[in-house]
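*Asks:* Each chain, written out:
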Amino acid sequence: MAEVYKLIHPVKYFNDYINRNVRPDGRKFEDQRNIKLNVNAIKSTDASAVVKCGNTTVVCGIKLELAKPKAEEPDFGFLVTNVELLPLCSSKFRPGPPSDHAQVISNIVADIFANSKSVNLKDLCIVPDKLAWVVYCDMVCLDNDGSVVDACIMTLITSLKSLTLPKVNYDVETEEISVDTSIRTPLNINGLPVATSFAVYQQSPRSIVLIDPSAYEEEMCGGTGANLIICWNNGQFCGIQKFGGSNLSNEAEKKTLIIAKERSKLVEKVIETCLKNEIK
Amino acid sequence: MAGLLLSPTEKIYILHGVQDDYRSDGRTNIDYRPMELETDVVSHASGSARLRLANTDILVGVKTEIDVPKPDNPGLGKIDFFVDCSANATPEFEGRGGEQLANNISNMLQRAYNSSQAFDLKQLCILEGKQCWKLYVDILILECGGNLCDAVSLAVKAALFNTRIPFVKAALMDGGSVDFQLSDDPYDCKLLEAGTAPLLVTLCKIGDKCVVDPSAEEESCSVISLIVGITGNPKYYSKDAIETPNFKCKCSTIGMNGPGSVAPETFKNAINQGIIAANSLDEALGRALLRERQECNNFKKNSYGFLK
Amino acid sequence: MPLDYRRFNGPEDSIPYNYYTKEYLKSYHELHRELIDENGVRKDGRTLDEARSLCMFFARTDMISQAKGSAYIELKKTKVVCSVFDPREIMHQNEFSALGQLFCEVKFAPFSCPRQRRPHAPDAEEKALSVALRKALEPTVCRHLFPNYQLDIFVYILEHDGACLAAAINAAGLALADAAVPMYDIITACSLAVIGDQMFVDPTEAEENLAIMNPEKDGINNGLITMAVMPELRQISDFRQIGSMDVNCIMKATEVLQKECEKILPNIQQILVLNVVNSFEQQKQLEKEAKEREAALNAKMEEWKTLLNAG
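Protein chains in written order, with UniProt numbering: chain A, 1 to 280; chain B, 1 to 308; chain C, 1 to 311.
Isolated chain A (complex conformation):
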């Protein structure tokens, strides 16, 4: 019965919940979903992580390759991040080249990550002007139930933290390369960016902020994704992105910043615990 109601009167259905101060999945406005994290699940990669925030599932796999650095930046390596929103994760995505929405998500993730300066690209250079690492990070969304960017950043940083680079010997004279996989050194990561998504719902007297929105809530709030993404990096505020036309009062903005900060602490703890357990 409820399903039929949801289909016929989607807005009314949603409003009925919001007026009773509860969200359709039973959460309160500032409740986030459970986070499950797992590292090194995929053995064909050099590092990998799987994260589940509620139903949203994102897998990140890292593959290492070698290449010659760019002529204009001879002592820089490469880090290539891509987010793939598969047709299987939601009926909104069709097979073929990535849609505009998928490109936007991919760009947001890349921007957040580049702004955080977590990886120094100079660390990825092996011999200047001759050889450098190319770190391909592919994030794949298997189930899109909202707040994809949060999950992407989380898997990306977790898998990078568990990444180790094998030893490369480069003979300058003969230009011969040999790789010894038995000796591996971890990659240096500074900071830990955490993104938190919000959906802003405009109801005439007040605007309501929903943390960690599901796909249905994102849709009801008028966006193709979350309306507001806030990033914290190791207790420092590092970015805010707002989309769509909804407006936000000053108090609400302050509140979201505090919530995002609290959440970033929690996520940090989750990642640390997960990595510690893996090492054991």
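Any given hint could be a false lead.
Below, a list of computed lysine-lysine pairs in the BS3-like style, where the Cα atoms sit at most 30 Å apart [unchecked claim]:
1) A/Lys261 / A/Lys276
2) B/Lys122 / C/Lys127
3) A/Lys52 / A/Lys92
4) B/Lys268 / C/Lys252
5) C/Lys76 / C/Lys22
6) B/Lys78 / B/Lys169
7) A/Lys161 / C/Lys22
8) C/Lys127 / B/Lys134
9) A/Lys36 / C/Lys68
10) A/Lys70 / C/Lys127
11) A/Lys255 / A/Lys122
12) C/Lys291 / A/Lys6
13) A/Lys255 / A/Lys242
By construction, these hints were calculated from the structure, which means they are not laboratory data.
Starting from the known structure of chain A, fit chains B and C onto it as the hints suggest.
*Replies:* Chains B and C only, in chain A's frame:
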């Protein structure tokens, strides 16, 4: 096969005929319809053949190019198949309609020629790890009258048998570059060994028996067909026939086509039937190709086919 | 290849690092010796005729919340996700098609293969697998029930450690059943790699790779077979072989594969039955709660009635 409507009674008539190994046009279950084959029809190609089987008309040209071998297989050459369904072949091919069919056929050929026992790519090697020949097999479907896979594989084999590769001497110079020496005589060529090249046989399941080379009526009685790629026997393809008593034909690929399914027993019988059919087909093709080559050597042909 | 402007691209000439490791240039013999030890035990502890269908098998449904039906299958390292969506009308079609169509897409994750990174754009292998999957599923779906509609089936291979087509078919069969698509029978599939006179049932990636490599010794059997079966109806719905094998070998392989496919069946059945039992229990729970609510409302109604009557 649009526009072909058969009543249930007609279908049963065909089905009963197939059960008794006597088809409505008088063939047995492993008989092909008569076909015409012509080789060396395109003067610009290294090897070519044209085949006509009932209404199906196929032209195959083989082009050769020098390429760099793959790092995983430094001693092997390359072979590439490209199928083009001409829009005139059948009304269904208009626009992009033929693309999927073309892809299917080229995939099937690629898989059938994958094994070294089907086609030895070592003969295409010029200088190990540095240079090899790459064969481009271009298949043009001029008219489609059913049973494309079989016809295409026959024509490809004939074209490969007919292909000449110039003798090239390659030497490694200092600094890793390769130097080629080509003989001045354009007839200084070697022929490809294509005796083991596979033939694809499509077995159309009607009732619980299978038939090869189905007519349009028979095709409409069947929901599934089996495609079996069988390697050829080189003894049919050389004049000084060296008898290799232990030679056994092998399956180089098997695939299924169509929306239906098949019982395991029928499947096994069909494979055995396919091997018998492929063997007799291979023998006939070998004989025809050798005769053609003989004629070519003895006197200049003065009969011309439709394209030459 | 033209540059893909919709994604971030790395440098054009990057090479996987394992190209330079010692393991890369091993001869056929060395590789073959590594696969199996003197006692006939494979690298992962299985015997030659042992599939990963027993202890190394994991499957579940309801993987993806947004899809109508979904399934996840794991054969030790091979991991496959599949989702099925509601039938939708076929677009840009001129003719009426009496039978519903299946649209299948098989995709490898960029990081799924141990040897090299996969490109984002679909390559020839993915296209061939998609066609194979469609052909395997077509006979089992009751397509006459949704004329002029198409059913989307997406398979994603997260990690490829052999038998990925078989895993994809198994996952798709399970997802179709989970999506409540009418089917004639459950579909199961299994692979087999042949190297000489050894038959590796349910091969790993290393075994598959060696089986399609051309052997140094001429004339021995080698190749790969994948077979999909509808076990109750005893019908073969798809059979793909590559390599070169003689007839006896194929006949033997068919028998072995048929048995293996039947062995997978209880695994799939168990999951489906469990799903039905669970949903029944859920339904019961919901009904119970609804009754309680109704009773509470009725009680309140009575209360008011008495109040009203008294007033």
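*Asks:* Hint by hint, note whether the structure agrees.
*Replies:* Consistency of the hints with the structure:
1. A/Lys261 / A/Lys276: 23 Å, holds
2. B/Lys122 / C/Lys127: 28 Å, holds
3. A/Lys52 / A/Lys92: Given that 30 Å is the threshold and the Cα spacing comes to 20 Å, the pair holds.
4. B/Lys268 / C/Lys252: Holds. B/Lys268 to C/Lys252 sits at ~10 Å (cutoff 30 Å).
5. C/Lys76 / C/Lys22: 26 Å, holds
6. B/Lys78 / B/Lys169: OK: B/Lys78 and B/Lys169 at ~18 Å, within 30 Å.
7. A/Lys161 / C/Lys22: Roughly 27 Å between the alpha carbons, so the hint for A/Lys161 and C/Lys22 holds.
8. C/Lys127 / B/Lys134: 24 Å, holds
9. A/Lys36 / C/Lys68: Holds: A/Lys36 and C/Lys68 sit about 23 Å apart, inside 30 Å.
10. A/Lys70 / C/Lys127: 34 Å, violated
11. A/Lys255 / A/Lys122: 38 Å, violated
12. C/Lys291 / A/Lys6: Judged against 30 Å, a Cα distance of about 23 Å means the pair holds.
13. A/Lys255 / A/Lys242: Given pair A/Lys255, A/Lys242 holds - Cα atoms ~15 Å apart, limit 30 Å.
The earlier numbered hints that this structure contradicts are 10 and 11.
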